[in-house]
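Respectively, the protein sequence lines represent chains A and B.
When you line the first sequence up against our numbering, it's residues 1 to 352, in that order.
When you line the second sequence up against our numbering, it's residues 1 to 519, in that order.
Treat the hints loosely; a few may be bogus.
Only part of the chain B face toward chain A is listed, based on derived beta-carbon distances under 10 Å [unchecked claim]:
| no. | residue |
| --- | --- |
| 1 | 171 |
| 2 | 172 |
| 3 | 363 |
| 4 | 381 |
Listing some non-contacts, in silico: residues in chain B with all C-beta distances to chain A over 10 Å [stated by the list, open to error]:
| no. | residue |
| --- | --- |
| 5 | 106 |
| 6 | 191 |
| 7 | 298 |
| 8 | 505 |
Computed list of lysine-lysine pairs in DSS-like fashion (alpha-carbon distance at most 30 Å, straight line) [to be verified]:
| no. | chain 1 | residue 1 | chain 2 | residue 2 |
| --- | --- | --- | --- | --- |
| 9 | B | 357 | A | 286 |
| 10 | A | 185 | A | 232 |
| 11 | B | 357 | A | 185 |
| 12 | B | 188 | A | 26 |
| 13 | A | 310 | B | 180 |
| 14 | A | 65 | B | 340 |
| 15 | B | 223 | A | 92 |
| 16 | B | 194 | A | 161 |
| 17 | A | 2 | A | 149 |
| 18 | B | 366 | A | 289 |
| 19 | A | 289 | B | 188 |
| 20 | A | 310 | B | 99 |
| 21 | A | 286 | B | 187 |
| 22 | B | 206 | A | 65 |
| 23 | A | 289 | B | 185 |
| 24 | A | 254 | B | 187 |
| 25 | B | 173 | A | 310 |
| 26 | A | 286 | B | 366 |
| 27 | B | 97 | A | 310 |
| 28 | B | 504 | B | 485 |
| 29 | A | 26 | B | 337 |
| 30 | B | 366 | A | 161 |
| 31 | A | 92 | B | 357 |
| 32 | A | 191 | A | 111 |
Note that these hints are calculated values from the structure, not bench results.
The model shown is predicted, which means the values in this text are computed figures rather than measured ones.
The beta carbon of each residue, even a glycine, is placed where N, CA and C say it ideally should be.
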Amino acid sequence: MKFIHIADVHLGLTPDAGRPWSERRKQDIWDSLAEVFQVAEINHVDVILIAGDLFHRQPLLRELKEFNYLCGKLTHTKVALIAGNHDYMHPKSNYRSFSFAENVMFLNQEKLMSVELPEYQACIYGLSYWHREIKENLYDVARPRDTGKINILLAHGGDAKHIPMSESALRESGFDYIACGHIHKGGQILKNRVVMAGALEPTDCADTGPHGYWMGEVTKRGCQVSFFPIQKCEYVLHRIGVTEDMTAQEIEEKLKEDLKNKEPYQLYRVMLEGTSAPGMQIEEEKLAKFTDVVSVESNLLPAYDFSQLKREYRGTLLEKYILRMEALPQSAVTREALYYGVDAIYQAMEQR
Amino acid sequence: MRLKEAYIENFGKLHKETVTFAPGINVICGENEAGKSTLQEFLTAMLFGMELKRGRSKDDDVYRKYEPWNAASYYCGTLRFEVDGKPFCLKRNFYHKEKTAKLTNEADGEELSVEFGDLSMLLGDLSRSAYLNTWCIRQTGAVTGKELADLLREYLTNVENTGDASVSFAGAKKNLERRKKEIQKEKKELEQEKERRLEELRLEEKLLSEDIRSIEEQHNREKVKHDLIMQGLLRNESLEGQKQKSRKGNYTPSVILGTAAVLHLILFGQYELAVWRIVEAVLLFGTLLFAWFSYRKERRESREQNRESNGAVEYMRRQQEEMHRYRALEQTFLEQKGDKELRRSNVREAFEEVSQKNGRESEIEKKVQAVLLAEQTLEQLSGTVSQEVRENLYASASQVLSGITGNRYERLRFDDAMQVTVFSGEQEIPVSSLSRGTIEQVYLAVRIAAGEVLGEEPMFFSFDETFAMYDEERLASTLHYINKKSNQVLIFTCTTREIKILEKNRIPYHKIMLGTAIG
Numbered sequence: 001m002k003f004i005h006i007a008d009v010h011l012g013l014t015p016d017a018g019r020p021w022s023e024r025r026k027q028d029i030w031d032s033l034a035e036v037f038q039v040a041e042i043n044h045v046d047v048i049l050i051a052g053d054l055f056h057r058q059p060l061l062r063e064l065k066e067f068n069y070l071c072g073k074l075t076h077t078k079v080a081l082i083a084g085n086h087d088y089m090h091p092k093s094n095y096r097s098f099s100f101a102e103n104v105m106f107l108n109q110e111k112l113m114s115v116e117l118p119e120y121q122a123c124i125y126g127l128s129y130w131h132r133e134i135k136e137n138l139y140d141v142a143r144p145r146d147t148g149k150i151n152i153l154l155a156h157g158g159d160a161k162h163i164p165m166s167e168s169a170l171r172e173s174g175f176d177y178i179a180c181g182h183i184h185k186g187g188q189i190l191k192n193r194v195v196m197a198g199a200l201e202p203t204d205c206a207d208t209g210p211h212g213y214w215m216g217e218v219t220k221r222g223c224q225v226s227f228f229p230i231q232k233c234e235y236v237l238h239r240i241g242v243t244e245d246m247t248a249q250e251i252e253e254k255l256k257e258d259l260k261n262k263e264p265y266q267l268y269r270v271m272l273e274g275t276s277a278p279g280m281q282i283e284e285e286k287l288a289k290f291t292d293v294v295s296v297e298s299n300l301l302p303a304y305d306f307s308q309l310k311r312e313y314r315g316t317l318l319e320k321y322i323l324r325m326e327a328l329p330q331s332a333v334t335r336e337a338l339y340y341g342v343d344a345i346y347q348a349m350e351q352r
Numbered sequence: 001m002r003l004k005e006a007y008i009e010n011f012g013k014l015h016k017e018t019v020t021f022a023p024g025i026n027v028i029c030g031e032n033e034a035g036k037s038t039l040q041e042f043l044t045a046m047l048f049g050m051e052l053k054r055g056r057s058k059d060d061d062v063y064r065k066y067e068p069w070n071a072a073s074y075y076c077g078t079l080r081f082e083v084d085g086k087p088f089c090l091k092r093n094f095y096h097k098e099k100t101a102k103l104t105n106e107a108d109g110e111e112l113s114v115e116f117g118d119l120s121m122l123l124g125d126l127s128r129s130a131y132l133n134t135w136c137i138r139q140t141g142a143v144t145g146k147e148l149a150d151l152l153r154e155y156l157t158n159v160e161n162t163g164d165a166s167v168s169f170a171g172a173k174k175n176l177e178r179r180k181k182e183i184q185k186e187k188k189e190l191e192q193e194k195e196r197r198l199e200e201l202r203l204e205e206k207l208l209s210e211d212i213r214s215i216e217e218q219h220n221r222e223k224v225k226h227d228l229i230m231q232g233l234l235r236n237e238s239l240e241g242q243k244q245k246s247r248k249g250n251y252t253p254s255v256i257l258g259t260a261a262v263l264h265l266i267l268f269g270q271y272e273l274a275v276w277r278i279v280e281a282v283l284l285f286g287t288l289l290f291a292w293f294s295y296r297k298e299r300r301e302s303r304e305q306n307r308e309s310n311g312a313v314e315y316m317r318r319q320q321e322e323m324h325r326y327r328a329l330e331q332t333f334l335e336q337k338g339d340k341e342l343r344r345s346n347v348r349e350a351f352e353e354v355s356q357k358n359g360r361e362s363e364i365e366k367k368v369q370a371v372l373l374a375e376q377t378l379e380q381l382s383g384t385v386s387q388e389v390r391e392n393l394y395a396s397a398s399q400v401l402s403g404i405t406g407n408r409y410e411r412l413r414f415d416d417a418m419q420v421t422v423f424s425g426e427q428e429i430p431v432s433s434l435s436r437g438t439i440e441q442v443y444l445a446v447r448i449a450a451g452e453v454l455g456e457e458p459m460f461f462s463f464d465e466t467f468a469m470y471d472e473e474r475l476a477s478t479l480h481y482i483n484k485k486s487n488q489v490l491i492f493t494c495t496t497r498e499i500k501i502l503e504k505n506r507i508p509y510h511k512i513m514l515g516t517a518i519g
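With the rest of the complex left out, here is chain B (with noise of 0.2 Å):
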């Protein structure tokens, strides 16, 4: 493809601007903000469309970046050019609501569609992102030598992997990747969630476990003790303790009798009057009787209480007592029991319930099956670029290379180990050891070589700024090398340090000035 001839109505600040192309090199020039990169962008526009990108940020919409702000629908343009050395006229209108692409054949009117496809044949089906990585090379706005000899091999990767530059496959990767890592962390969590409450689940059955067995111990004990009872071999002591309370005796009439002996001990002799001394004796005499009768009263007690104790109906009582008091107790244990049972078992469903896949954990085992399907679709596309391609790839490279340093690196190879060479007549060199400047050179060799052996039509070459960063040799043999080239080549530049050695190299070109109107 040749370019001829943009008219451009209305497109960011160009505004009923005529621009000539020579086939060749077309130098054009401008000073920073005169239309340069206005420019470029209208020729990809026209050849490969715009889209009103709803939803992004404002600052990278091409759309609106460009979009008259006073004429919407004035918003467009014509350009002219060959392919194959057919003539033919595109005429498209951005304006979203009255979005239109004419296409003529100039040579015998022919009109074409674009929407059918007829541009993109004209193209050889390149798109749009790879043009942008191939023929039309920007500064690469990398730094360092390092940064440069990274993006070399992100380039050679890219390119390798998915046959088309345009793509950067590590990136994609890298983004599944992230993906992935939220959705595994989402899963993670719900896991966790999970695994909480089935841990609180764990636990309250433990306890009712535990209760249920010391219920049971109690129980035991409790029946052990019985059945000796039952068989006579222990004695109920809460039974026993009533008895043995109302046994015991009346001892008043033994302590007055003593008090009475220690009394006449001490004032024997002293009583004066017989009547002390019958005093006394009736006192003695009543508590003697006293005595007595508490004695025999304790005695007939005691006998009784033996007797029925040692008798049959009172063993048969206290048996029955003993039976009532266990069944109750028993009663209580199995109740208490039952009720825990009941409790351990509803909670043994509801472990049950908890374990099984809820919806939530579905959902995001399908999200984990969508990335992993991603992933491994993404890996078998990789690859897919043929041997034949790869080594047209590194041949076409290395004579570029060769062609644009004057002969004195050729042999540019990308080993298994992603280590990128060159051979420099003597030995082989990897890229990240060569000056930046012959790195610079390296990559736009292999970005010319790309866009040759990866698109079937010839198309211009837009170099914006390439070569701000070369020294003045390696600008003179590249513009050497171009010049030898078939293709038509735009430069944009904003100093005049190409003209300079295209004039003293006495290399043709055509020089064309932007924004000489504009202030």
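With the rest of the complex left out, here is chain A (with noise of 0.2 Å):
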């Protein structure tokens, strides 16, 4: 049986909002959920498992239109779905009136639940969330009835708060494929046997590195699965590694080159790291608002050798305030502090 596995569509989703890229975004997420029914409807793949958070909220009438839409175009494809935390079968949700084209198998029921596909002896297990939050392990008791047939589970969650999972349980559950959804970024847990598809397209800029779907064929004697990156946008976290003998300028030049080399689809959230010069101002602001840079974050410390300082400065309030920091326990406040007040005082001994 071939199948595509997506999920995390979030449909409705305004992807950072209030830049100005972002209604692009938006309509970036339909284009690509369309793209994904056309490679099924050519690759007449047999059925699409969708892994929860189709809609990123409550879906509206009209968006289920537009869903049903493309479920109902399909002329050999059938498509399984279940409600994740983000459109969960809230007592008013459209999900709960919505009558959905022939193809489509909604696992909308609260406990495990299933869906027979008699034309390829395979059934389909899964539940929907009626709640924002279930702490309960569900898929770890969830065992197929018919192990004869291939048996694949529909499975949304994967941390404390969402159907907490654990690996060895799924390895040992007997299901032929286990397509999960929740977690943003993708891979396979067990290699060719529990997958989680990510996000099919980047949701905000934390979402960094490819996202797709996964196409595969699963059989009684295995599964083969491999991933499919859609290419319309793409987060990259760029690091630019800073050392105390570059200067600001030769920053920015740098930035400006590797964004020369970049692909089109991808945007940049430039990351600098290492150590600057004490005292040398990196205008953060200049470099976001090159194209295609999302956001700009600063993690340099300035290049001071503690045990250096401390003893060219022994005696002094440099090194009592370095012994006095050394001397809490250790945590990113203390270090950050450390930082600044080595700084101040470092500076205020140059301006003399």
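Put the two chains together into one complex, using the hints given.
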């Protein structure tokens, strides 16, 4: 049985709300879904598995109609669907009253249910979220009834508040393929057995890396699945290594150069890392205005060698400050405070 | 510590130069650019080492400034000195790739370790910056008396707050304050952005709520109307309208009849021929007949209609029609309302999400905490100088002051209001109202005292053009005073003023000429 597995499409979401490209990105999400359906049609895929969070929130009627239109157009493919934590079965949800096209199998029950696909000797299991959070490990105990069939589980979750999953339990479960959703960064949890689809499109700039759909074939003898990226937009965490002998101008030019070499569909989240010369000012706002740069974060720390400073400034406030800070229980805050204080004192010495 | 001899292999403009120091006062003379500052930097570098500071702007990098351009690996020198009467020899190579420091006790040949702090111990744990801010005294560069008074006050504040005179405490605090403001600005921008987003959602929610209310109102109005119709208290206008149209009568016969009557009146008596009379009579009769039938027909129709509308069947039919109409309408209302309500709850959900703290906010929160912790720690570290050290400092400074001013001023005080005062024998005078020359002397007294009180090992004083602004009388009394001290003194000068006054006052000194060979 040939299948396509997607999840976390988040239709109706406006990514990066307030930014110039956000409306385009909203349309991208619909376009990508349509693209997947087209791929299914062309490749004569038997079933599209949607592992939750098809919609970002409660779907509006017209949104459901749009989706249903895409489903109805398929000449061969069936669509299996569950509701995730974002589009959960709210008492007033349109999911409850909507009548889908005949080829859509909506596993809308709160308890694990299944639908048979007799033509493929297959059975698809799944449940829908009826609440925003489910803390029970519902999938760990799921078992297929008839092991002679091709058994597929649609699963949504994987963190503490959304049906925690244990890898070992899934391994033992006896399903031929487990199509997971919820975590936006996709990957094979168990190769060719358990796959986290990842968001079809990145939903905000934190979703870095490639996104797309999984396509493969599952039989009783095993499963083969591979990833197909959708390259409408990809957020790339672009690190720029900074050393203390670099000037602000140099960093700017480096970024410009890097932007020239990137793929056109990529958007950069720039992260400045490393050490900078004490007192150097980098105008992050200026860098953030470059085309295709989503954000600029600076994690630069001034290039201070604390043991050397302690030696060189023995008995001074600088040494006392470093010692005092180092004596505190170390955390991200004390580390940052160490730099702030040393910077302030050191710069004050330089100013004399 | 007493310096004996310096040998400079390569250091800035000094090459293979040997300088011998005497105990007591040494006057190092030389024209500008002769290498006085170079010698001073060399001594500092020898005693405290020198690092190649990476990433700093090139012009204030001491290493690069004095690096020999043709023989980097011969960037080295030797310094002989005495501590507690014991002779030591210190050899250093500054070249950053072959950095070495070798310290030997020349009395017994014992090799000491610079790396493990033996040199620091000999220097009484004096740091480079503390040295530069106490024993090593340069021309202040302050132009006006007020600037100098401010400098003095700042110096005292720093000594009091940090006990080491090397750090500008106020400067550090100011830097930290600036950093805090930057972080707070960033935080505020983030908050504003969020508030803007929330405001958009609030507006959307409000519009949806208004829509919902207006749908509800419309629905209610329709419902009231529907109920009245169902109770038969209101006729359904839309249904009534059609009926009335069909009841429009046929008035053609009456019109014809009327016209004929008028014609008859006008033409009566002109009828010559009986034929016309007959024609008229036939027409009249026909018209009357037509009118009669029309009337009969209309009456029949109207009677039939009345019978129907009053009848139960018609009543039922109309009620049913109304029910259908209302149900369809109600369905539309409910659908519209449901859609809007769903959208509203989606907007509310988004509102909740945006209200929650996001990653960038926690990041900035962390920064705020860090800067507050830094500030608090700096505050705690200040004021660590003990009352005893403080008293010693002012006692010692007062002594020095009275020494270098020939007892004209004594008792230097620094009160809680940050006011520096001296006692002139008659009254307390705020430093700011003293003459510039005197403030210079107060400043000098404080620095000399700070070196002595805060340090452990008595060092040599190094005066770099310190007395350039002193008048003859002040210079003489100052030189008299420092001659009485047991410390070794280096006076760097480009004029012969100091020498002339030393000669005149018969103060012994050792003269070192620099740069005689340099054109």
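State the violated hints by number, sorted upward, taking the hints as numbered earlier in the document. none
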